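Chain by chain, the residues run as shown.
2 protein chains.
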Amino acid sequence: MDGKTLAAKWHEVALSSDPHAVSAMLHDDAVFESPVVHSPQRGKAITTAYLTSAGNVLGNDSFEYVGEWYAENSCVLEFKLELDGIQINGVDMISCNDEGQITHFKVMVRPLKAINLVHQKMGEMLEKMKG
Amino acid sequence: MDGKTLAAKWHEVALSSDPHAVSAMLHDDAVFESPVVHSPQRGKAITTAYLTSAGNVLGNDSFEYVGEWYAENSCVLEFKLELDGIQINGVDMISCNDEGQITHFKVMVRPLKAINLVHQKMGEMLEKMKG
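Protein sequences appear in the order of chains A and B. Once you know that position 58 of the first sequence is 58 in our numbering, the rest is easy, because the numbers rise by one and skip nothing. Once you know that position 59 of the second sequence is 59 in our numbering, the rest is easy, because the numbers rise by one and skip nothing.
Accuracy of the hints is not assured; some may be wrong.
Each pair may be met inside one copy or between any two copies, as identical chains are not told apart.
Unchecked claim - For lysine to aspartate or glutamate, the following EDC-like pairs were computed, each having C-alpha atoms within a straight-line distance of at most 16 Å:
1. K121 with D84
2. K9 with D84
3. K9 with D92
4. K80 with D61
5. K121 with E72
6. K4 with D98
7. K128 with E72
8. K128 with E78
9. K113 with D29
10. K44 with E68
11. K9 with E99
12. K4 with E72
13. K4 with E78
14. K113 with E68
15. K113 with E82
16. K44 with E12
17. K113 with E127
None of these hints come from the bench; they were simulated from the model. All of these numbers come straight from a predicted model, not from anything done at the bench.
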C-alpha cells in the first residue's frame, strides 16, 4: 500500500476515536514504540491500548496533523497540540504490510518538556484503563 | 526539489562532516528546531553551529540512517546510534526551497533517556565550540 493511502486510512481511524476501529487496522503482531521507553510493546492488544490511551491524552481540540511524508507501506505524520500550557510537537511513524494492516507504530515527541508531560499523562491514563 | 534528491544531497553533506559544506547547503534564514527546546534557532550561523555540533556528538561509528520518507521539498530521515551505552533513535526532518537550499531542519529523538543524554552532550559541545 502506498504511504498516502495508509495516511488517509489512519486519519479516518484516528478521527473515529474508536478502539475497535484502531484494533481492526492492526496486524496481530503489531509493535508499538513509545517516545518515552526504548523497549517495543508487542502484539495487537497492547498496541491498541497504547494508541487508544495516546488518543485520549493528546486528542484535544488543539490537536492537528501538520505534515505528511511517504514511503512504500509507510508514512510519517507530524502533529502539534497544546496540553496544560505546553506545546507538544511529534510524529507518528506508521508501517503496514501489503494488505494495509499496521505492523509497526512509533511515536517521537519534542521538546523535552513535552515528553515529560506525555510520560506523566500516559502513565496515568494506562493505569486508569487497567483499573 | 523532490524529497529523495534532498535526502541524497543531505547524506553527502552529513558524510563530509564539513561545516562549510553544511553551511553552503543552508538558506540564509534557515531555522533549526532541536529535540530538547521549543524555541526555534534562526539564521544560517546558529543552524550551522547546531548541525555541526550534532554531527560531532552523534556521528560515531554506530550511527546509521535506517529509513526515508518524502514529500515535495522535504524529507524525513530516521537514524539510530548507540552513545555511552544508550540506544538513540531519531529523525531529521528537512525542508528546502525550490533551489534545494535547506530552510528548516528539525530533530526529534526517543526514548527519554536518549533525549536527556543528547541534551547534556549537545550543551557541552556547544560550550566547547564557543570557547
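Hints versus structure:
1. K121 with D84: Cα proximity of K121 and D84: one copy only (11 Å, versus 29 Å across).
2. K9 with D84: For K9 and D84, the Cα distance exceeds 16 Å both inside one copy (30 Å) and across copies (40 Å).
3. K9 with D92: within (13 Å within a copy, 25 Å between copies)
4. K80 with D61: within (11 Å within a copy, 33 Å between copies)
5. K121 with E72: Classified as neither; 33 Å inside a copy, 35 Å across copies.
6. K4 with D98: within (13 Å within a copy, 22 Å between copies)
7. K128 with E72: Neither, since 37 Å and 42 Å both go past 16 Å.
8. K128 with E78: For K128 and E78, neither the intra-copy (27 Å) nor the inter-copy (33 Å) Cα distance is at most 16 Å.
9. K113 with D29: neither (32 Å within a copy, 26 Å between copies)
10. K44 with E68: neither (25 Å within a copy, 26 Å between copies)
11. K9 with E99: Only inside one copy: K9 and E99 sit 12 Å apart there, 33 Å across copies, limit 16 Å.
12. K4 with E72: both (9 Å within a copy, 13 Å between copies)
13. K4 with E78: within (14 Å within a copy, 18 Å between copies)
14. K113 with E68: neither (24 Å within a copy, 27 Å between copies)
15. K113 with E82: Answer is within: at 12 Å inside a copy they meet the 16 Å cutoff, but 23 Å across does not.
16. K44 with E12: This pair counts as neither: shortest intra-copy Cα distance 19 Å, inter-copy 39 Å.
17. K113 with E127: Classified as neither: same-chain Cα gap 22 Å, cross-chain 22 Å, threshold 16 Å.
The structure fails to meet hints 2, 5, 7, 8, 9, 10, 14, 16, 17 from the earlier list, while all remaining hints are met.
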